[in-house]
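**Student:** As you go down the protein sequences, you meet chains G and S in turn. The numbering of the first sequence is this note's numbering, which starts it at 1 and goes up by one. The numbering of the second sequence is this note's numbering, which starts it at 1 and goes up by one.
Keep in mind the hints are simulated off the structure, nothing from the lab. Here the structure is a predicted model, which means the values were calculated and not measured. All residues carry an ideal CB built from backbone N, CA and C; glycine is no exception. Heads up, some of the hints might be wrong.
[To be verified] Subject to a maximum C-alpha distance of 30 Å in a straight line, what follows is the list of computed DSBU-like cross-link-like pairs (lysine-lysine):
1. G:K72 x S:K402
2. G:K184 x S:K303
3. S:K227 x S:K209
4. S:K407 x G:K140
5. S:K407 x G:K17
[As the list claims (entries may be wrong)] Just the calculated beta-carbon pair ranges, DEER-fashion:
6. S:Y350 x G:N77: 53 to 61 Å
7. S:F281 x G:Q74: 42 to 50 Å
8. G:Q74 x S:A346: 53 to 61 Å
9. G:K32 x S:I397: 40 to 48 Å
10. G:K220 x S:I22: 49 to 57 Å
11. S:T17 x G:Q74: 39 to 47 Å
12. G:G16 x S:L10: 37 to 45 Å
13. G:Q74 x S:G273: 51 to 59 Å
14. S:K405 x G:E191: 36 to 44 Å
[As the list claims (entries may be wrong)] Chain S stretches covered by chain G per the calculated footprint, using a threshold of three residues with CB under 8 Å from any CB of chain G:
15. 4-11
16. 312-326
17. 401-410
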Amino acid sequence: MAIVECKNVSKEYKPGKVVVPALKGINLTIEKGEFTAIVGPSGSGKTTLLNLIGCLDTPTEGEIILNGISIKEQKKNQLADIRRDNIGFVFQTFNLIPVLTAFENVEFVLTLKEYDKKNGRELTLKLLERVGLKGMENRKPSELSGGQQQRVAIARALIKSPSLVLADEPTANLDSKTGESIMKLMRDLNEKDEVTFIFSTHDEMVMKFANRIVKLHDGKIVDDSRRKK
Amino acid sequence: MIKNLIILSLKNLRRHTKRTVITSIAIGFGIAMLIWVDGMLKWADNESKRNLVRYENGNFLVCTKEFKEDRKNFPVDTVISREDVKKLLKIAKETSCFAAPRTGFRSMVSFNRSFGIPYIVYAITPSVDSKVFKIKDSVIEGEYLKDDSDGILISSYCKRELGVGLGDYLTIETRTRYNTYQALNLKVVGIYETPDPVVDRNQLFVTSKLADTDLQTEGTATMVIFKTPTEKNTPYLNKVRELLKKYKLSHLTTITWQEMGADYLTLSKTKKGGSNIIILFIFVIVAVGIVNTMLMAVFERIKEIGMLRALGMRDKYIVWSFIFESAGIGFLGSIIGLIIGIGISAYSVYVGLDFSSAMKDMDIGYRVGTVWYNEWNPEMMITAVIFGVLISMLVSIIPARKAVKMKITDALRVE
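All chains, please: the whole structure from these sequences, using the hints.
**Tutor:** Put into C-alpha cells, the structure is as follows:
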C-alpha cells in the first residue's frame with residue numbers, strides 16, 4: 001500500500017528575479033513500512049522533497065498523494081490537520097520546546113487534538129521508555145544530551161501513531177556513536193512497529209540502515225535502489 | 001487545547017523573567033498612575049460639588065425673579081422684603097431645612113491707600129448663616145462674626161493680597177441698596193480659610209445689622225439660602241416651592257446649587273475628558289512595552305513557531321498562544337499597578353498631598369484647597385486591571401500575526 005506518491009513533482013524557488021529549480025519531475029512511491037533514505041549532495045533537493053511530502057510546502061508542478069489524498073487542493077488548515085494526524089517530524093536540530101520537560105514535549109503533540117488525558121499520559125510514558133528515556137521524563141531539553149533530545153523528538157514524532165515519519169538529517173548534529181544509536185532506534189521502531197520512515201542524509205553510516213536509498217542530484221532522482229531487510 | 005496553550009504561554013513567560021518583569025513594571029506604572037490620578041480627580045470633583053453646597057450656594061436659594069435673571073451682577077435693588085424673609089425662615093422651619101438670608105455687594109476693598117481689589121461683601125446674620133455654611137468652622141485667626149459685630153471677616157487670600165492682619169481697618173467702597181456710593185472703614189475681626197478657592201478669593205463678610213443701617217438693606221436680603229437635612233435636595237425643593245405658593249410668595253423663585261454651579265459642572269464634564277487622555281497615555285505605555293516584548297519573543301522563537309506549525313498546530317492557536325502570553329504580562333503588570341496604585345492612593349486618602357507651593361495662586365477650576373486627597377474607586381481599580389489585560393492582548397495581535405506570516409520552511413531554516 002502506497003503511503004506517499006509523488007507524480008511529476010517540480011519545485012522552483014524565486015529568491016529574487018532568478019528562478020532556482022530545486023526539484024525537477026520527481027516520480028516516487030513510498031510503500032508502508034519502508035525505511036527510506038533520501039541521499040545526495042548539498043543542494044540536491046533532499047530537504048525540499050521532504051518538505052513537500054510533509055505538506056510544509058507546495059509543489060510548483062505535479063501532485064503529491066498522501067494516504068490516497070491529494071494535497072494539491074488542500075487549504076492551509078487542512079494541511080495542518082494532515083500534518084497533525086498523519087506525519088511525524090524529526091528535525092536535525094531537535095526543535096524541542098525549551099520550557100517544557102521531555103514528557104511535556106511529547107505529550108504536547110496530543111494536545112493539538114482532543115485526546116484522553118489518562119491514556120495520553122500512559123502512552124507518553126511508554127514511548128519515552130521505548131526510546132530509552134525512562135527516568136528522564138521531567139528533564140528539560142537543556143538537561144539532556146543531544147542524543148537524548150533527539151530521542152525525545154522521535155517519541156514526539158511517534159506519539160500520534162503517524163503513518164509516516166520524516167526525518168531531515170536526524171544525525172547531523174550528533175556524534176557518530178550517538179547517531180548510530182538513533183538510527184538503530186528508528187530502525188527498530190520501523191521493524192517492530194511498522195512505522196514508515198523517510199529520512200534525508202549524506203552520511204554513509206546512516207545510509208547503511210536504510211532498506212531503500214533514493215539518490216538525488218540537481219533536483220532529479222538518479223538512483224532508486226532497494227535492499228533486502 | 002486552550003488550557004494547554006495557556007499553560008504553555010505561562011511557561012514561556014518564565015523564559016526571560018527579567019524582560020517579563022521589566023515590561024510588567026512599565027505597565028504597572030501606567031496602571032498605578034491611572035488608579036491614583038482617577039481617584040484624585042474623583043475626589044476633587046466630588047469635593048468640589050460638596051464645597052459648592054457647603055461654602056457657596058447651599059442646596060438651593062430663594063430670590064426674586066429679577067435677581068435670578070441678573071444674578072451674576074449681584075443687583076441689590078431687587079430684594080426680598082423683610083416680611084418675606086421672615087416667611088421664608090418660617091418655610092425653612094416647616095420643611096426641616098436651615099435657611100440664611102444674604103445680600104451680596106460688589107465692592108472695592110483697599111488697605112492703607114492701596115489700589116482697591118474687587119470682592120463680594122456679603123451681609124449675613126452670623127448665627128443663622130453658620131447653620132447653612134461652614135465659614136464659621138474655617139476661621140483660622142481671630143473670631144467669627146457676632147450678630148452685632150461692626151467688623152469684617154476676611155479670607156486668608158485677602159489677608160495676603162492686601163497685607164492686612166487682625167485689627168487693621170479695611171476700606172470698602174460699594175453702593176447701597178438705593179445705588180448711592182458708600183465707603184466704610186471696617187476692622188478685621190477674623191480671618192477664614194476654606195477649601196473652596198472661589199470663596200476665599202471673592203467673598204468677605206459683614207453682619208446684616210451693619211448692612212441694614214450703613215448699606216440701607218433695612219432687613220431685606222437678595223437671597224435666602226436653604227440647606228437641606230440630607231444630600232437629596234429635590235423633595236425639599238418641591239416642598240418649598242409648594243409653600244411659596246401657599247404663603248403667596250409666587251413672585252419669588254428658586255435656584256438650585258446645580259444651576260448656581262453650572263459653570264463648574266460644565267467644566268467637570270469637560271475635565272472627564274482629561275481621564276481619557278490619561279487612559280490614552282497608559283495605552284501607549286502598555287502598547288509599546290507589549291509590542292516590543294512580544295516582537296522580541298516572536299523573533300527569538302521563529303524556528304520554534306515553525307516547528308509547532310509543522311507538527312500541525314493551526315496558525316490561530318499560535319496567535320492565541322502569544323495573545324495569552326501578553327495577557328499574562330498584562331495581568332502581572334496590572335496587579336503590580338494595582339498594588340502600587342492602592343499604596344499611593346492610600347497615602348493620598350489618609351494624608352493628602354500638599355500642592356501649596358505649586359497651586360497657591362493657580363485656579364484650575366476645582367473648588368478644592370491646595371491639599372489634595374484621593375477617593376477610593378474600586379470600580380476603576382477593577383477596570384484598570386481588566387483594561388491592562390485587554391490592551392495587552394489587543395496590541396499583541398500585531399506581533400503574533402507576524403509569527404505565522406513566515407513560510408514554515410523558511411521559519412525552520414532560521415538559526
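**Student:** Now tell me if each hint is right for this structure.
**Tutor:** Outcome of the hint check:
1. Distance hint between G:K72 and S:K402 is fulfilled; the C-alpha atoms sit about 26 Å from each other, no more than 30 Å.
2. Proposed proximity of G:K184 and S:K303 is supported: the alpha carbons are some 27 Å apart, at most 30 Å.
3. With a C-alpha separation of about 22 Å, the suggested pair S:K227 and S:K209 falls inside the 30 Å cut-off, and the hint holds.
4. A distance of roughly 28 Å separates the Cα atoms of S:K407 and G:K140; the hinted pair therefore holds under the 30 Å criterion.
5. Restraint check: the Cα-Cα separation between S:K407 and G:K17 comes to about 19 Å, which is no more than 30 Å; the hinted pair holds.
6. In this structure, S:Y350 and G:N77 meet the distance hint of 53 to 61 Å, their C-beta atoms being roughly 57 Å apart.
7. About 47 Å separates the C-beta atoms of S:F281 and G:Q74, a value consistent with the hinted range of 42 to 50 Å.
8. Under the hint 53 to 61 Å, the C-beta atoms of G:Q74 and S:A346, about 60 Å apart, fit the expected range.
9. At roughly 43 Å, the beta-carbon separation of G:K32 and S:I397 lies within the given 40 to 48 Å, and the hint holds.
10. Evaluation of the 49 to 57 Å hint for G:K220 and S:I22 yields a pass: the beta carbon distance comes to about 54 Å.
11. Judged by the Cβ atoms, the range 39 to 47 Å given for S:T17 and G:Q74 holds: they are separated by roughly 41 Å.
12. Separated by about 42 Å at the C-beta atoms, G:G16 and S:L10 satisfy the suggested range of 37 to 45 Å.
13. For the pair G:Q74 and S:G273, the beta carbons lie near 53 Å from each other, so the given range of 51 to 59 Å is met.
14. With their beta carbons about 42 Å apart, S:K405 and G:E191 fall inside the hinted range of 36 to 44 Å.
15. Remark: the stretch 4-11 of chain S is confirmed as covered by chain G, as 3 of its residues place a Cβ nearer than 8 Å to a Cβ of that chain, reaching the required three.
16. Coverage of the stretch 312-326 of chain S by chain G holds. Counting CB-CB distances below 8 Å, 5 residues qualify, and the rule asks for three or more.
17. Coverage of the stretch 401-410 of chain S by chain G holds in this model, with 3 residues showing a Cβ closer than 8 Å to a Cβ of that chain against a need of three.
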